[in-house]
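Sequences listed follow chains A and B, in order. Sequential numbering of the first sequence, starting at 571, is according to our numbering. Sequential numbering of the second sequence, starting at 51, is according to our numbering.
Keep in mind that the hints were calculated from the coordinates and are not lab data. Be a bit skeptical, because a hint or two may be false.
[Said to hold, decoys possible] Restricting the straight-line Cα-Cα distance to at most 20 Å, the calculated cross-link-like pairs of lysine to aspartate or glutamate (DMTMM-like) are:
#1 B:K122 to A:D720
#2 B:K186 to A:D595
#3 A:K763 to A:E749
#4 A:K763 to A:E752
#5 B:K219 to A:D626
#6 B:K83 to A:E752
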Amino acid sequence: MPRAKEIPAPRTKKGNRIQKFNVFDAVLFVFLTLLGLIIVYPFYNTILVSLVPQADYTRNPFMLWPERITWESYQFVFDSPLLLNSMANSVKLALAGTVYNMILTVLMAYAFTKPIPGRNFFRFYMVFTMYFGGGLVPFYLLIKALGLIDSFWVMVLPSGVSVTYMLIISSNMSALPKELEESAQLDGASDIKILFSIILPLTLPILATFSLYYMVERWNEWYNAMLFLKDTAKWPLQLTLRNIISSANFISTQAMTGDVRPPTYGEGIKMACIVVTVFPLMAVYPFLQRYFLTGLTLGAVKG
Amino acid sequence: MFMSPTLNQSHDYVDLRTRKGWKLLGKKIWQYKWIYLLMLLPGIAVTFVFKYMTMPGILLSWKTFVPTFGDKSLFGYLASSPWVGWAHFSRLFKESAFWTATANTLIISLLKLIFGFPFPILLAIMINEMIFKKYKRVLQTVYTFPHFLSWVVLAGMAINLLGDTGVIKRFAMLFDPTVKDSWNVLYNTRYFRTLLILTDMWKEGGWGTILYLAAIAGIDPALNEAATIDGANRFQRIVHVTFPQISDLIVIMFILSVGNMMNANFDQIFNLYSAPVYKVADVIDTYVYRLTFQSTTVMDFGFSTAVGLFKNVINFALILGANWASKATGGDGIM
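In isolation and in its complexed conformation, chain A is listed as follows (with noise of 0.2 Å):
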């Protein structure tokens, strides 16, 4: 059946179609926004619990707005000695895991670019990992012949290199032109050199998506520590927010945290630590996107 003359579609003065805004779109814009609230609700109930006062909330948990604010359950946070540790010992951990898993992940993915004899051997070696290990118990009895027990690195050193990562930035390494590589090589630069000065600034994006994505695996660590450390002292942020939420009366919190005041408004609590531990990727997320969104679709690149 021959067609009608095209009618063309109506456009923008910069050109692009416009598109009719049926039923189709309202009700995808109505689906995927009540999605979006069933996300946001429990951070901004959360928030919510952390601010009012007791009694507000125990008379009507289920608010959409704060009829009165109170610092109270922050101030408690900020003052419990063990909180503030395990803050300050998660920001080392933070710190000093990313640096630690970046430099073991970055030196192998640059090797695993070089035709080394091996290379496959080596490769089949971490890949084996990611699907088999001796478990549980081994891994525990390996830590305490290790003499771990009980101490910081526990939580750092077994992080190691992360597989995944490790053959992606390698295989992003690989798809840069050889080239650079080459000339550079002719001009006397050792290999080295050559990471730092071509190949690290060239790979600067994706290195900087994988730090992020190691800093907020240490920041999250709380297994390992809960495995290890006896000492409450060394406790990182999310073991320490664990014990809270999972002591089922408040007085057994107050006994852990070191604090002697009478007892207070222990949701408020549990929700403010809940808050200080989220702050911080929640304050850099909207900014960061970008590196964060990144990574997964790093992987097509072939190597």
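Here the structure of chain A is known, so what remains is to put chain B in place on it, guided by the hints.
Positioned in the frame of chain A, the structure of chain B alone reads:
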């Protein structure tokens, strides 16, 4: 110093059947010595210590654990623990808690596969159809954010919302005041798995869209234009253009998820579960943890090593299967 051969020299063929080949190999290894020593070695060594050195411990599965006191050697516990043959495994297959944990692992993974797997695909298609570009960016920021939080934090928020004094219960009480004493999702065996699936979707759904959105962005616009000219409406374009174009990626992602079925997210379950729901929520990882560190009866590390090994072997077999399937469907292997 630290110089590896220039790249054009480095493609000589090493033939190990000849003496010359071995010499060439030796020469190449020597040429790359700094790469090996400075760059490869640190990572290899750390991986060896913290990954490979746990593997001899697997032998405990056939031993009964006897701790060594004052012995600082790495594998002293292996020497001091006597062999018991397959005793742990025969006990294992008679243990009802073990079968519960295995069944729960598979059920929870299966539910996550059925509900959690398609969700990011649908969401990605919907986000792609959204016409307000700026608003789309904002939504994406919101959707992907929870991925970066730990389950410790999310469990804290979930317990506050769903617990005994929580908002959700108060809200439910508005409609039905009788729920006052009974309704706590966190302790209810009927709802707990649903809770696991939904919180998992809440956390990872948005993050899961990223790969699909990248794939959709890579679709040739000509295909969509051609479909439009042929009179396809939006829904038809999604079904006949977008979906077939990302189906390869969907297949690969599905294979990977199946390969990962034995890992039912320890972090999530461990932070959310409690004794009343062990029956429906205890998975192999949490079972091994409690056997090892919270067992009230006489416990043998050898037994929990055996349980862990059982899981690891099945897991590894699934991964190999996934690797094979991924290659068979024309994708890259994962090993």
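For each hint, the structure was consulted:
no.	hint	verdict
1	B:K122 to A:D720	16 Å, holds
2	B:K186 to A:D595	13 Å, holds
3	A:K763 to A:E749	16 Å, holds
4	A:K763 to A:E752	13 Å, holds
5	B:K219 to A:D626	17 Å, holds
6	B:K83 to A:E752	19 Å, holds
Going through the hint list in order, the structure satisfies each hint without exception.
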